[in-house]
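Kindly generate the complete structure, drawing on both the sequences and the hints.
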Amino acid sequence: MPAPKSEWDEERREKDQMPVEADDVNALSLSMGKQAASYLGASSVKVALTVMLQIQPQLQILLAAQSSPDASSDENARINKIPLFRAASRSTKAKPPIPWTYKGQALVDAYFKRIHILTPMLDESSFRKYYNEGRRCDAPWLSLLNMVFATSSIMSTPSSNLSHIKYYNQAIEHVHLSAFGSSHIETIQALALLGGYYLHYINRPNMANAIIGAILRMATALGLHRELPPEEQFDAAVIETRRRTWWTLFCLDTWGTTTLGRPSFGRWGPAINVQPPKLVTEQEESDSAQYAGIMPLLENIKFCKIATKVQDMLAVTPLLKTEDRSHLDGLLVEWFNNLPWLLRSTEPCVEPLHLSRCIMIWRYWNLRMLLYRPVLLTLACKAQLPIEEQDVVAVENCLNAAREIIDSVSKGWTRQQMSGWNAVWFLYQAAMIPLVAILWQPDNPSVVHWRAQIESILELFEAMQDWSLTARRSRDVVSRLLEASSQISNATSGTDPHNPSLQRGGPSGEVSGFWGSEGADAILPSGYSTGDIVDMLDQDWPWNMEVDGLAWGQQIPLLEEDNDAGSYSVDDGSMGVDYLSLATAETDALSQPPQPPP
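Residue numbers (UniProt numbering): 1 to 598.
Errors might be hidden in some of the hints.
[Claimed, not checked] Lysine-lysine pairs mimicking BS3-like chemistry, simulated, CA-CA at most 30 Å apart:
{"#": "1", "residue 1": "Lys95", "residue 2": "Lys113"}
{"#": "2", "residue 1": "Lys411", "residue 2": "Lys302"}
{"#": "3", "residue 1": "Lys278", "residue 2": "Lys302"}
{"#": "4", "residue 1": "Lys305", "residue 2": "Lys382"}
{"#": "5", "residue 1": "Lys302", "residue 2": "Lys382"}
{"#": "6", "residue 1": "Lys382", "residue 2": "Lys411"}
{"#": "7", "residue 1": "Lys95", "residue 2": "Lys129"}
{"#": "8", "residue 1": "Lys103", "residue 2": "Lys129"}
{"#": "9", "residue 1": "Lys321", "residue 2": "Lys309"}
{"#": "10", "residue 1": "Lys129", "residue 2": "Lys278"}
{"#": "11", "residue 1": "Lys302", "residue 2": "Lys321"}
{"#": "12", "residue 1": "Lys305", "residue 2": "Lys321"}
Since the hints were derived computationally from the structure, they do not count as laboratory data.
Right, here's the structure in full:
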């Protein structure tokens, strides 16, 4: 459920001092303030953080005692110069064309080497032709060219370089609100770079999500979702540009919303009949950047169709039945096993292909991890009960996927921002899994391995600081959580983990604290309520202690099955008080497997 406050402000950094890396989604601020925030579902990072707090409420005391980075520091002051998106006012004054320069040529080359390889929506030959001529001065072209400069400037320099701001400002001068009502394919492509890359880079994920949603509708208005009639004669390059633009938008929307826990809103369905891009056309050489980007795009389209199914099903009921979860995981494994050898191999290759296939594999393991994560989080939240084998397997799959992400990133990342930016994000996601496991089972022999995984992540974050805007802050958050978990483990060492006093009920078995009659308003020994704990981890909390179908802020009667001493499975639909439980009659239907999107 969304928070009762029907507002959120992603741009309050203008008014409030806060870490520049913090945003409304990724829980990097560790602030005690209470702010309205946007809706996030169970695939988000904040769910994992909340589960940690439920497992070990004393975690908030330790985190509160640690000093937070000063949001007004020189580093934050420098990067907070990154601008906001403001639509330009429409002007009748003609803009001059942008002439060819050596620097501009280098940026164009960098774009087709490090961005086009992932999202090949531009026609490389015509784009280079227009830039070399330096004659066009229409708004769609100027906005697109400047966004190409802005994104390629980021990807070809360290994270300390802010030259991209100039190009961003120039691009926005040519984007006014009326552009959303008069679709032009180059405007759509410019906004795709803005919403698909740039706004995510400067930590405006909600704005990025809104813009991608808008331009999908702009693309629909242009008919990009439909294949052109075969009986009509169209230029092959035009047909391919339409296909590549549509499927690029499809992938960008999927990638950008995977960890938001929000439904896809029909980005894929029977009304969309546009064909996948062709691997090569008559106008292209087989060794061009255009060609190199199409093969990964074709496989990314297949992946994103599966990811859309996963996303929609998790948005309905995160705790899927075993057979549904296995089916989706089987689709992902089949996709991976059928990848072309060039994309699955770890053999050395040219930089663009290496970048593309690394990020593709990181996404694969990340989605498999998110598919199984609800089982881990649910079991971690529950009092100790017998666990069925299928649940043990699901937890192992989640832990294995997190480990694969860490191993793959450590072997594949390179010192450039497209690689470092993605690597940090996937590592941050993966770090939550061993952290939850350590807090859940501090006496498990595997804690040594889980801790080693987190320490490896911290070392990678350290190495990536020049190549990711969020590496430093991600390292700080993860290291503080690890330090706090170590203190908790040391404090409880030698204590029987099965002792009822360590479970959610006290020695008498009576539910207390967060699970008691006061719910989220219960005051813990530190003087904070559970709601305060979440606010301490991040000033943005989207549910006001509510997660889809269950209000955490009130006491929900335990279901009879919770008192059953028999076998226990997270898939039986009778979880009782749990963050993924379906506790109301209205949501009983959700225990049935949802139909996959068409």
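Out of the numbered hints, which ones does the structure contradict? When the structure is compared with the hints, numbers 4, 5, 6 turn out to be violated.
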